[in-house]
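Under the working numbering, the residue at position 41 of the sequence shown is numbered 59, and the numbers go up by one with no gaps.
Keep in mind the hints are simulated off the structure, nothing from the lab. In this text, all values refer to a predicted model and were calculated from it rather than measured experimentally. Check the hints yourself; a few may be wrong.
In silico SDA-like cross-links for lysine to any residue, where the CA-CA straight-line distance does not exceed 20 Å [what the hints assert, rightly or not]:
{"#": "1", "residue 1": "K518", "residue 2": "E505"}
{"#": "2", "residue 1": "K227", "residue 2": "G297"}
{"#": "3", "residue 1": "K214", "residue 2": "G297"}
{"#": "4", "residue 1": "K518", "residue 2": "K227"}
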Amino acid sequence: MAIRRTGFEASLASQGVRPDALEQARALAAKQGLSYRQAALATAGVDSLAAARAISEMSGLPLMHGLDTKTIDETLVATLPLNMVRDWGALPLYVSGDEVVVGIRDVTALKALDTLRMHLKRSIRPVVVPGRELDDLINDAYDRAAKSATDILQTLDEEERLGDDEIFAEDAELLDDPTQAPIIRFVNALLSQAIKEQASDIHIEPFEKTLGVRYRIDGVLHDRTSPPAHLRNPIVSRIKIMAGLNIAEKRLPQDGRIRRKMGGREIDLRVSTVPVRHGERVVMRILEKGKVLDLNKIGMGEKTLSLFKKLIQLPHGILLVSGPTGSGKSTTLYSAISEINDPDINILTIEDPVEYEVAGIGQVQVNHKINLTFASALRAFLRQDPDVILVGEIRDQETAENAVQASLTGHMVFSTIHTNDAAGSFARLTDMGVEPFLVASSLAGVLAQRLVRRLCPHCKKPYEPTDADLDDLGLKRSDVEGHTIYEANGCEVCNHVGYKGRMGIYELLPAWEEIKQMVIANEDAGKIKRKAVEMGMITLRDDGFAKVLAGHTTLDEVMRVTQVETVD
19 MAIRRTGFEA SLASQGVRPD ALEQARALAA KQGLSYRQAA LATAGVDSLA AARAISEMSG
79 LPLMHGLDTK TIDETLVATL PLNMVRDWGA LPLYVSGDEV VVGIRDVTAL KALDTLRMHL
139 KRSIRPVVVP GRELDDLIND AYDRAAKSAT DILQTLDEEE RLGDDEIFAE DAELLDDPTQ
199 APIIRFVNAL LSQAIKEQAS DIHIEPFEKT LGVRYRIDGV LHDRTSPPAH LRNPIVSRIK
259 IMAGLNIAEK RLPQDGRIRR KMGGREIDLR VSTVPVRHGE RVVMRILEKG KVLDLNKIGM
319 GEKTLSLFKK LIQLPHGILL VSGPTGSGKS TTLYSAISEI NDPDINILTI EDPVEYEVAG
379 IGQVQVNHKI NLTFASALRA FLRQDPDVIL VGEIRDQETA ENAVQASLTG HMVFSTIHTN
439 DAAGSFARLT DMGVEPFLVA SSLAGVLAQR LVRRLCPHCK KPYEPTDADL DDLGLKRSDV
499 EGHTIYEANG CEVCNHVGYK GRMGIYELLP AWEEIKQMVI ANEDAGKIKR KAVEMGMITL
559 RDDGFAKVLA GHTTLDEVMR VTQVETVD
């Protein structure tokens, strides 16, 4: 079925698709030898629904969108491999009379419908579904069809002994191929379930009579399943094989990485094993490759965001992000890098490890075995004509001095540092051995941050804080008048936790002239902080309280992550 390029493009334009997005589609079509329609479907700036409407108009096929995922008949996909459905761009949706309604993203999927008709032994009625929506429907259908780790455990007989082929077999898609051996399906189910629940880490802990599995979700660990003790060696061996580790070495810690796909998304897992009393303990950190990092969506308040954007655009200086492990520092820095990433500037990073891959920048992994450290890489970067340098962490005098030298020679340096608040970062650098006048002249600003859990929007309930609650935060009753304060409740959507997702709270301290003079005078962090507050700095607790008033989180969460502020 031929589709006229001009008609398709005109249809997109009539629906309000931006001219620059249409131009990007033209360039992509010319560069990769695609039809204009195919290029438009692959262009981020072209709205998925607008493209689907255009395809519907050109082909005469009906358009269907806004489908409830519960309407998808899982039995229709049970015997269809996920990779085949994704390659076709065609998903059986439901049975209507004697026909199966099949969603397609593009008319190129029509050629696969004969195969699908023979497989399902029914007539096929194609409908156009927006591409992004179809991807979500495909992922959801296979998510629901896949068994949980607990379900798969029930298929493993206690006396069953697993062969090497069940441990060493390779697989690329966590949701694909229901014929895999039970141990492979169990490990895949552990990983896919953790990803679906948006866990950041998976903990596998051997005990005398069982194996504990916990997921860290929104910063808190939750128990999930307990395989019997006799499965701990096969499970750990399977994970070590996937991570490229030595399964024969059980006496020493090992680190590795697993790269897999789930529902079309590329997932990286950093794997760490440590020998303990009853076996090997495994922790896997989940990192999603290709994750879109947007500075406007990490939770900064309007005033802080505006000031932070000005700081990252500076031609030289050091910008630090401080906070404990797991407080979102890397996400903030990558979002800042993505904000300024342009072809006309040279951005280099040295990281341990490289957590997100960003197109267009040079990323280097620390390797202590060959003495490739933050400090040595930073020295080498200065000979690579950089404009912006990201250093994973400033943790010693050599790295700190090299970062200062880089900033003083006309480079912008982004890095992280472990301090409790923004003001403490100045003293931390001087404690490392950097002269106070060099700290004052090179440091452009410090952003301190923490992560608080977001209230589940489906079950949060209004709450009247007591005077004691307000006193703990240094607030008065008048501060909350006219606002609704919420507390966590719990429902099916949030697994009865009351929270779903996290957001940042921030404290941004620019290196104002008054602050620089205090640093040169070697004033302590407490005095610097008090001066910064006088000059208008929003503290972590103030920002957290603003998010409480906005209904995003709770007083308990703000207290939990800002307790250090109670000590002056």
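Hints, verified against the model:
With a C-alpha separation of about 13 Å, the suggested pairing of K518 with E505 holds against the 20 Å cut-off. Between K227 and G297 the CA atoms are separated by roughly 11 Å; this keeps the pair inside 20 Å, and the hint holds. For the suggested pair K214 and G297, the alpha carbons sit about 28 Å apart, so the restraint of at most 20 Å is broken. At roughly 33 Å between alpha-carbon atoms, K518 and K227 are farther apart than 20 Å, so this suggested pair is violated.
Violated hints for the displayed structure, listed by number in ascending order: 3, 4.
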